[in-house]
Amino acid sequence: MHSLSQRANTIVCFGGIVLVGVLLLNVLSRAFFSDHVDVDIKLNEIHRFNTQRNFEYSFISIDLDANLEPLFNWNTKMLFLYVTAEYRTKQNVLSQVVIWDHILTEKSKANIHEKRLSKYPLIDQGLGLKNNTIKLTFNYNVVPISGLLTRHQVGSSEFKFPTTYIKEVY
Amino acid sequence: MNDIISKINPFNSIPKHQIAQQIVNFGLIVATALMIWKGLMIFSGSESPIVVVLSGSMIPAFYRGDLLYLNMEDGPFRVGEIVVFKIEGKEIPIVHRILQIHEKEDGLYDIRTKGDNNNVDDVGLYSPGQRWLSRDHIIGRAKGFLPSVGMVTIVMHDYPQLKFFLVFVLAVFVLSTRE
Numbered sequence: 001m002h003s004l005s006q007r008a009n010t011i012v013c014f015g016g017i018v019l020v021g022v023l024l025l026n027v028l029s030r031a032f033f034s035d036h037v038d039v040d041i042k043l044n045e046i047h048r049f050n051t052q053r054n055f056e057y058s059f060i061s062i063d064l065d066a067n068l069e070p071l072f073n074w075n076t077k078m079l080f081l082y083v084t085a086e087y088r089t090k091q092n093v094l095s096q097v098v099i100w101d102h103i104l105t106e107k108s109k110a111n112i113h114e115k116r117l118s119k120y121p122l123i124d125q126g127l128g129l130k131n132n133t134i135k136l137t138f139n140y141n142v143v144p145i146s147g148l149l150t151r152h153q154v155g156s157s158e159f160k161f162p163t164t165y166i167k168e169v170y
Numbered sequence: 001m002n003d004i005i006s007k008i009n010p011f012n013s014i015p016k017h018q019i020a021q022q023i024v025n026f027g028l029i030v031a032t033a034l035m036i037w038k039g040l041m042i043f044s045g046s047e048s049p050i051v052v053v054l055s056g057s058m059i060p061a062f063y064r065g066d067l068l069y070l071n072m073e074d075g076p077f078r079v080g081e082i083v084v085f086k087i088e089g090k091e092i093p094i095v096h097r098i099l100q101i102h103e104k105e106d107g108l109y110d111i112r113t114k115g116d117n118n119n120v121d122d123v124g125l126y127s128p129g130q131r132w133l134s135r136d137h138i139i140g141r142a143k144g145f146l147p148s149v150g151m152v153t154i155v156m157h158d159y160p161q162l163k164f165f166l167v168f169v170l171a172v173f174v175l176s177t178r179e
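Heads up: the sequence lines are chains A and B, in that order. Just so we're aligned, residue 1 is where the first sequence starts under the UniProt record's numbering, counting upward by one. Just so we're aligned, residue 1 is where the second sequence starts under the UniProt record's numbering, counting upward by one.
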């Protein structure tokens with residue numbers, strides 16, 4: 001009455017439905033985990049601020065205090081952390097440049113107290129940095145084991161570029 | 001000899017009208033799959049709502065064979081977002097993260113991307129002379145993730161014979177099954 005293929009079909013079908021159900025519960029379960037984190041971010045130093053051809057660039061470093069342990073739950077594969085510099089110029093209504101990023105895969109390393117972090121230069125498209133106010137923000141992106149990819153922003157601070165260029169200090 | 005063939009032939013003992021019905025059933029399955037895909041396209045607003053990751057440039061976030069769900073909502077682009085873009089003259093779309101954005105007054109964007117696992121940004125991957133991506137290059141924004149499911153398509157792409165074999169077996173199976 002029930003052939004082998006029918007049985008196999010039923011098992012595969014039912015297995016698939018169960019997997020989708022578990023996935024759904026897994027995605028919904030994120031609502032029950034706290035995602036509140038305290039982040040403190042501020043400028044450490046402007047190491048270099050100069051112009052080249054027709055654009056301005058700068059190397060800056062930041063201090064970061066963040067405890068991201070609450071973000072690690074059973075559906076967290078990794079966190080992508082990044083710090084952006086946000087500003088507006090005459091040329092652009094909004095510029096966002098990532099100046100530091102980091103891949104965090106272990107909960108044991110999620111308590112961050114770092115000074116003088118820097119990775120990428122802050123390069124403007126034109127001459128828009130001088131005497132401009134820059135907003136530094138800390139962001140993270142949750143990459144789940146399976147489910148939704150989300151982005152979050154916590155913590156920010158502002159600083160202003162000087163009116164004169166700064167050559168590297170040795 | 002004829003006896004053996006008639007025993008092996010799975011269609012032998014099935015009445016003709018039932019074979020016809022199975023063919024219709026088969027068509028129905030194909031049509032349903034197509035409907036779901038096209039429906040998903042409308043729902044997500046992206047020309048390819050589901051993509052398979054083909055390279056290791058986003059490790060450890062995405063590995064080869066992982067599946068991404070994309071949409072193309074109207075909201076503004078922001079750094080840190082993972083997007084899928086296509087470069088003119090290159091067939092394979094690329095999944096990378098936005099590193100820089102310059103938004104113009106008229107709502108246009110200059111976007112620079114980078115793969116998490118790459119050391120440098122993507123200027124070298126763009127067309128010769130191209131410095132920035134615009135909205136037109138981007139075909140989707142990654143919103144959902146399923147690991148390894150897309151490995152099936154990668155294996156089938158690497159061994160095309162397998163694809164034909166599988167379709168053949170499936171077709172025989174569907175057509176010869178009795179109610």
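Calculated from the structure, these hints are not laboratory results. The beta carbon of each residue, even a glycine, is placed where N, CA and C say it ideally should be. Keep in mind that a hint or two might mislead.
[To be verified] Mimicking BS3-like on lysine-lysine, the simulated pairs with C-alpha atoms at most 27 angstroms apart in a straight line are: (1) B/K143 - A/K107; (2) B/K104 - A/K130; (3) B/K104 - A/K160; (4) A/K130 - A/K107; (5) B/K38 - A/K119; (6) B/K143 - B/K38; (7) A/K135 - A/K42; (8) A/K109 - A/K160; (9) A/K135 - B/K163; (10) A/K90 - A/K167; (11) B/K143 - A/K90; (12) B/K143 - A/K77.
[Claimed, not checked] Far from chain B, some chain A residues (derived; all Cβ distances over 12 angstroms): (13) I11; (14) I17; (15) L23; (16) V37; (17) N44; (18) D65; (19) A66; (20) F80; (21) E86; (22) D124; (23) Y140; (24) V143; (25) R151; (26) T164.
[Said to hold, decoys possible] If you anchor each label on the Cβ, the simulated ranges turn out as follows: (27) B/M35 - A/H113: 33 to 39 angstroms; (28) B/W37 - A/I17: 42 to 48 angstroms; (29) A/F159 - B/M35: 30 to 36 angstroms; (30) A/D40 - B/M41: 41 to 47 angstroms.
Verification of the supplied hints:
1. B/K143 - A/K107: 24 angstroms, holds
2. B/K104 - A/K130: 19 angstroms, holds
3. B/K104 - A/K160: 22 angstroms, holds
4. A/K130 - A/K107: 40 angstroms, violated
5. B/K38 - A/K119: 43 angstroms, violated
6. B/K143 - B/K38: 18 angstroms, holds
7. A/K135 - A/K42: Distance of about 10 angstroms is within 27 angstroms: holds.
8. A/K109 - A/K160: 32 angstroms, violated
9. A/K135 - B/K163: 53 angstroms, violated
10. A/K90 - A/K167: 25 angstroms, holds
11. B/K143 - A/K90: 33 angstroms, violated
12. B/K143 - A/K77: Holds, at roughly 15 angstroms.
13. I11: 16 angstroms, holds
14. I17: 15 angstroms, holds
15. L23: 8 angstroms, violated
16. V37: The claim stands: A/V37 keeps its Cβ more than 12 angstroms from every Cβ of chain B (closest is about 16 angstroms).
17. N44: Per Cβ check, A/N44 is outside 12 angstroms of chain B; nearest 21 angstroms; holds.
18. D65: 20 angstroms, holds
19. A66: 16 angstroms, holds
20. F80: Answer for A/F80: violated, closest chain B Cβ roughly 7 angstroms.
21. E86: Since the minimum Cβ distance to chain B is about 9 angstroms, A/E86 lies within 12 angstroms and the statement is violated.
22. D124: 8 angstroms, violated
23. Y140: 8 angstroms, violated
24. V143: 5 angstroms, violated
25. R151: Incorrect as stated: the minimum Cβ-Cβ distance to chain B is 6 angstroms, not above 12 angstroms.
26. T164: Since the minimum Cβ distance to chain B is about 25 angstroms, A/T164 lies beyond 12 angstroms and the statement holds.
27. B/M35 - A/H113: 33 to 39 angstroms: 54 angstroms, violated
28. B/W37 - A/I17: 42 to 48 angstroms: 20 angstroms, violated
29. A/F159 - B/M35: 30 to 36 angstroms: The hinted range 30 to 36 angstroms is violated for A/F159 and B/M35, with Cβ atoms some 55 angstroms apart.
30. A/D40 - B/M41: 41 to 47 angstroms: 44 angstroms, holds
Violated hints for the displayed structure, listed by number in ascending order: 4, 5, 8, 9, 11, 15, 20, 21, 22, 23, 24, 25, 27, 28, 29.
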